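Chemist: Chain by chain, the residues:
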Amino acid sequence: MMRLFKFFAAALMVAAVGSAQAADFKPAVVYDMGGKFDKSFNEGVWNGVQKFTEETGIEVMEFEVTNPSQRSQAMQRMVQRGATVLLGVGFAQADAINEVAGANPDVKFSIIDVSWLDQPNLRQYAFREHEGSYLVGVAAAKKSESGTVGFVGGMDIPLIRKFACGYVQGAKSVSGDVEVLQNMTGTTPAAWNDPVKGAELTVSQIDRGADVIYQAAGGTGLGVIRAAADSGKLAIGVDSNQNHLAPGSVLTSMLKRVDVAAYETFMDAYKGSFATGVRSLGIAEGGIDWAVDEHNAALVEGGVKAAVEAAKADILSGKVKVHNYEDDSNCPM
Amino acid sequence: MSTPPLPRWAEIGLVPVINLTLALLVSGAVIAMLGEDPIKALGVMLKGAFVYPGSLGYTLYYATNFIFTGLAVTVAYQVMLFNIGGEGQAYIGGLGAGLVGLALGGVLPGVVVIPLAIVGAALFGAAWALIPAYLQAYRGSHIVITTIMFNFIGAGLMVSLLGGPMMRAGQMSPESEVMDASTHLLSMQELLALIGIEIAGSPLNLSFPLALLACVFVWYLIWRSKLGYRMRAIGHSEPAAAYAGIRIPHMIILTMAISGGLAGMMSVNEILGVHHKIVMNFTAGYGFTGIAVALMGRNHPVGIVMASLLFGAIYQGGAELDFEFQSITREMVLVIQGLIILFSGALVYMINRPLARLLAAVLPARVEGEGGRS
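Chains as they are written, first to last, in the numbering used here: chain A, 1 to 333; chain B, 1 to 374.
These aren't lab readings, by the way, just hints derived from the structure by calculation. Treat the hints with care, since some could be wrong.
[As the list claims (entries may be wrong)] Quick list of the computed label-pair ranges, beta carbon to beta carbon:
hint, chain 1, residue 1, chain 2, residue 2, range
1, B, Ala169, A, Gly277, 18 to 28 Å
2, A, Asp24, B, Lys47, 19 to 29 Å
3, B, Val17, A, Lys271, 50 to 60 Å
4, A, Gly147, B, Glu331, 40 to 50 Å
5, B, Ala169, A, Gly272, 34 to 44 Å
6, A, Asp118, B, Leu227, 51 to 61 Å
Given the structure is predicted, the values throughout are model-derived calculations rather than measurements. Think of the CB as a built atom: it goes at the ideal place given N, C-alpha and C, for glycine as much as any other residue.
Whole structure, please, built from the sequences with the hints as guidance.
Modeler: Right, here's the structure in full:
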């Protein structure tokens with residue numbers, strides 16, 4: 001009996017310590033289906049999380065969902081486990097975070113790729129990917145010798161059509177004669193992680209004359225880069241800086257700084273300066289850019305760099321307005 | 001020396017337990033190699049599946065999906081058809097349930113709309129199985145190939161609908177409008193609250209009793225009805241069944257329609273019970289897991305319920321492992337699931353012979369009774 005009592009006393013003490021810690025700062029992140037090591041979108045977030053952990057020494061609780069019902073379950077579990085600030089990754093988590101944020105007004109929430117929710121404790125990040133896609137479209141068309149450039153998307157969803165649409169606008173702005181070949185990898189989530197099919201589509205586009213291929217396809221994009229490099233053509237990376245994946249064969253990368261969003265979310269919450277509302281990140285805010293580093297400096301020398309920087313300046317000044325596919329589910333090109 | 005027959009109680013009761021134990025031992029070894037304590041991991045998994053508030057609800061919620069898809073595989077299996085298309089049939093079934101819910105929700109009262117939506121789910125699922133069934137029955141195209149292909153066609157159809165005409169305005173996730181509140185299936189939490197019992201929130205809803213009813217239906221269909229007798233006759237010997245006057249093509253189509261309908265009803269749990277809108281990929285592989293569940297449950301409704309509970313517990317407990325240990329990722333959970341399928345599916349006969357010899361040596365010899373089973 002005494003032993004039983006001691007056991008419960010110990011358990012109570014552990015519980016008490018647990019709740020005392022819960023009053024402190026406890027960040028959490030829920031990755032989406034791609035997984036945190038997808039070399040692209042989720043991994044970008046993970047990089048931001050790592051940076052935060054390195055600077056502050058605070059561990060971030062992590063979870064990777066494997067089916068749609070786990071999204072709200074994971075968020076609720078994080079809150080139950082004492083999370084004080086929770087980051088959701090991707091538009092697919094929008095409804096889940098809306099529900100959990102509404103039920104937990106004391107916890108801070110933040111989500112990437114969402115801009116249409118309304119909760120007093122929620123920060124939303126929307127990236128203007130069409131601007132960055134426009135820039136790399138300019139780069140592709142400038143660099144192309146054949147006058148044909150390619151686009152390989154992952155799953156055929158509106159978000160990816162937004163990338164494609166910005167890219168086409170950029171390419172056509174260089175010359176109306178530029179032809180843009182477009183392929184989507186598939187209609188199931190497997191399309192995000194199918195490098196073999198990505199390579200096949202790339203080879204087929206190269207056979208049809210494309211010599212620069214932009215990909216927005218998660219893990220599938222690695223196959224696109226590989227195939228382009230093997231054929232002596234150029235690929236364009238996406239989300240993270242992928243120039244180093246095949247130095248000399250990656251013309252540039254369209255940077256979507258989700259790592260900044262992740263880092264900023266946790267840092268602001270840590271410092272107590274967490275503001276809610278929608279943050280739209282584009283070229284002007286440094287959330288969207290194109291990548292130039294030692295791996296591709298020689299490729300973009302001269303004409304390409306000048307043209308892209310000019311396009312960037314035009315977008316910044318408002319002279320060029322890149323159409324967002326999501327505004328009317330339609331691409332003018 | 002010929003191996004003595006394994007007693008029936010051992011085959012049903014002992015063999016699955018030993019297989020499961022072997023799978024857990026190997027999983028434990030893998031976890032130990034990752035540098036974590038396997039005993040602690042097992043504890044976390046069990047706690048995650050049954051103990052913490054709401055966890056049992058999640059386990060039963062997953063089990064509901066597996067019961068439907070497992071039954072779908074079992075029904076087709078009676079006619080020696082391997083229905084690999086549960087995934088696509090459930091997905092299209094969700095379209096049926098969702099279309100009824102979206103069209104009639106708020107127009108007619110919920111008590112009318114919900115049964116109609118359930119029928120819609122079953123009909124759409126059945127319809128999606130009909131084309132492969134027709135091709136098998138009258139054209140000889142193998143059902144395994146066609147049902148797999150129809151999974152992809154179904155996924156393509158759904159993504160073009162959800163990303164196109166059915167997409168909810170004002171947001172960018174490919175999913176439909178939310179259905180009227182009257183069409184939502186009562187969750188167990190709400191139901192038990194009506195009679196004054198408080199339980200923690202979970203996605204468990206009225207689909208669970210519906211799944212159990214479906215088990216009774218399948219049991220009656222296969223072992224107590226004329227139709228089931230014909231199905232089993234074909235399964236035992238197609239030429240004999242044809243000689244006895246059973247119309248084989250007709251039966252193939254009917255069986256596949258029932259199988260597809262059951263798979264389609266999985267969407268009742270997801271669409272009417274949890275999401276209340278059509279979301280992309282709500283099937284999340286449950287259709288494929290149904291195959292493993294049916295195999296493990298020896299194609300019997302009781303076995304399927306038990307296998308579904310096991311898989312539900314692994315899904316839910318596995319998620320908890322991912323929370324608790326940074327080094328155990330969701331891929332590791334997949335490994336454990338794979339090991340369990342390997343030991344209780346593929347290697348199911350591995351221990352039968354040694355166990356039979358052991359039991360024969362230990363137990364006093366006795367005359368075996370009628371050991372046949374249907």
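Chemist: Of all the hints given earlier, name the ones this structure violates by number, lowest first.
Modeler: No hint contradicted; all consistent.
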